[in-house]
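Numbering (my numbering), first residue to last: 809 to 939.
Worth flagging that the hints you see were computed from the coordinates, not collected in a lab.
The structure displayed is predicted, hence computed values, not measured ones.
Backbone N, C-alpha and C define an ideal beta-carbon position, used for all residues, glycine too.
There could be a bad hint or two in this list.
[Unchecked claim] Between beta-carbon pairs, the in silico distance windows are:
1) Leu887 to Phe921: 36 to 44 Å
2) Ser878 to Ser828: 23 to 31 Å
3) Ser819 to Ile925: 48 to 56 Å
4) Ala825 to Pro877: 12 to 20 Å
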Amino acid sequence: MKLHNTKLFFSFFILFAFISVGIFGLLQLSHMSETPMTNCPYAENGFSVCDNNFDHINDWRQFSNIIFPSLFIFSFLILGIILYFFNKQNFLNQEQYFFKYRYYLDNKKLHTFSDKITRWLSLFENSPSLS
Numbered sequence: 809m810k811l812h813n814t815k816l817f818f819s820f821f822i823l824f825a826f827i828s829v830g831i832f833g834l835l836q837l838s839h840m841s842e843t844p845m846t847n848c849p850y851a852e853n854g855f856s857v858c859d860n861n862f863d864h865i866n867d868w869r870q871f872s873n874i875i876f877p878s879l880f881i882f883s884f885l886i887l888g889i890i891l892y893f894f895n896k897q898n899f900l901n902q903e904q905y906f907f908k909y910r911y912y913l914d915n916k917k918l919h920t921f922s923d924k925i926t927r928w929l930s931l932f933e934n935s936p937s938l939s
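Starting from the given sequences, assemble the full structure and let the hints guide the process.
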């Protein structure tokens, strides 16, 4: 799988997982537990805050609270170290695999004499004259 396809797959997978947890995880919230809500501003003639608003806000806050076990974090650390050593590169002398098309014209060799003359004359095309 190419790098772009892999990144796209993982981004859609994470987005799908977050949305599915949001939809199916919040279905268990009990919206009907404190009915009838007395003094609710959305009910008729109510002027105070609803009773279960704080529970609902607390459920939303706990939705994104995640506690990772130490073994899970340690396994990700080991996986990162393994991937680092498998993809180890010499950073001072990297080969340009992903941007090879950009360097094609710079590395092109001039073989004919007319190409060399044209290249040399093109250097003087926009240069100011000293006289």
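List in ascending order the numbers of the hints, as given earlier, that are violated by the structure. 1
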